[in-house]
Amino acid sequence: MTKFSAFYRSTTGPLMVLLLTLGGCQNLPSSDNSSDLYEQLGERKGIASIVEDMLYRIVEDDRINQAFKGVDVVQFHRNLTDQLCQLSGGPCTYTGRNMREVHKAMAITDTQFNAVAEDLILAMEKNGVPTSAQNRLLARIVPLYPSIRGL
Amino acid sequence: MYRWLILLMAGLFAPTTALADIGSRLWATGGVTTIEGSAGGGLVPWALLGSYASDTEWGGTVSMSQARVDDYTLSVIGAGLNWHNRVELTVARQTLDLDTLVFTLKDSFGLEQDELNQDIFGAKVRLFGDVLYSRWGQWSAGVQYKRQRDFTVPSAIGARDDHGIDGYVSASKLFFAAIMGRNLLVNATARATRANQGGLLGFGGDRQNGYEVMAEGSAGVFLDRKWLVGMEYRQKPDNLGFAGESDWWDLFVAWVPDRRLAVTAALVNLGDIATLTDQQGLYLSLQGTF
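If you read the protein sequences in the order shown, they are chains A and B.
So the first sequence is numbered by UniProt numbering: it starts at 1 and just counts up by one.
So the second sequence is numbered by UniProt numbering: it starts at 1 and just counts up by one.
Just so you know, the hints here were simulated from the structure itself, not pulled from any lab data.
Virtual Cβ for every residue (Gly too), placed ideally from N, Cα, C.
One or more hints might be untrue.
Restraint-style ranges between C-beta atoms, simulated for each label pair [to be verified]:
| no. | chain 1 | residue 1 | chain 2 | residue 2 | range |
| --- | --- | --- | --- | --- | --- |
| 1 | A | D62 | B | A141 | 30 to 40 Å |
| 2 | B | F121 | A | S147 | 34 to 44 Å |
| 3 | A | M106 | B | D70 | 49 to 59 Å |
Here are some, though not all, of the chain A residues that point toward chain B, as calculated from beta-carbon distances under 8 Å [what the hints assert, rightly or not]:
| no. | residue |
| --- | --- |
| 4 | N135 |
| 5 | L138 |
| 6 | V142 |
Cβ-to-Cβ under 8 Å is the rule here; a few derived chain A residues that face chain B [claimed, not checked]:
| no. | residue |
| --- | --- |
| 7 | R63 |
| 8 | D110 |
| 9 | N114 |
| 10 | E118 |
| 11 | N127 |
| 12 | A139 |
| 13 | Y145 |
| 14 | S147 |
Take the sequences, apply the hints, and build the full model.
Here it is as structure tokens:
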């Protein structure tokens, strides 16, 4: 796996274009296996660190910090860590309320959703999560979008 | 351990500036500016709206682009505004230097002209969906009103009108982790048009004068969040008896180091243009976002 990632990290533009041509434009199923992603995120400890950095960004982010007013930070940290751990195939169980219920009264805008997504991505970058693992985690978070936005 | 609490408290008392300086949509999701001013790739408009304005924000772009192919140079300056990631308004001025065609025009038509110019006013509306978050992607519809600044040459070679309107529908979707963990962006556009060479050679012609629907598309892979490589294809009408018109395609690399700046480079193939065959070359575009 390591060898393989080193290979594709070093591939250049034209090769990607070639692969794209060969691959066509279907929604290709990513060949990920669950526990693999969990390991790339640094297991529960790594995920806890990502969520901590994300929270630092959120409190400084004027687009969204007001919406987090009154949130129990310790509980939020534990719940989000469990949730990302579970989503990434790790041995955790999210015990918080369901997404639609939690966000119901908040009227989350796209702007706020994007801001949180940005803070998560920057936190993953700071923690050295490889691009492919970031994308695979995002792929599993994106289906939550309608329930978070209340759509 | 409980530094968050302190920071959260600090955050609550921070001044409530409503928005960040620049829009909130994620990096590179505004596309870049096409040669016609609309947000997209280089040659093809995408369903994405320019800048990074999200649903409570305003944004804008300015851009400069140039394509140098064998016998022509196309220069474009453009600007755009985005309201709430719902409506995009754009303007662009194109100048085509007729580096070689000057001689043909002089010998065959007795015309002394070394460039063609047109202005393009564009409007695009996001109909529904989000390129990143919606299962069916993002869908937009747009119009481009194009106006020749000097119709002498297009008129001499058989174009019927000095202005025209293109209408298009476009769909864009990002597939997360689609190719070796990389994100894949796919765009498809259907355009109704009468434009000859995008309008630089006028609208309608002796061979074909009505609207036709053209297929355009592109696909690109994000190597990471700053680098996008891909290709584009744009089908074109063939309205003038004077000379055949080819479809366009390109291979591009876009670099988006920051939301404020995007640099795009491409190998373009514009095919045959006004009797001069196989026009290939380089395209370079700079875009600033605010």
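Indices of hints not satisfied (ascending): Numbers 11 and 14 - these are the hints that the structure violates, sorted from lowest upward.
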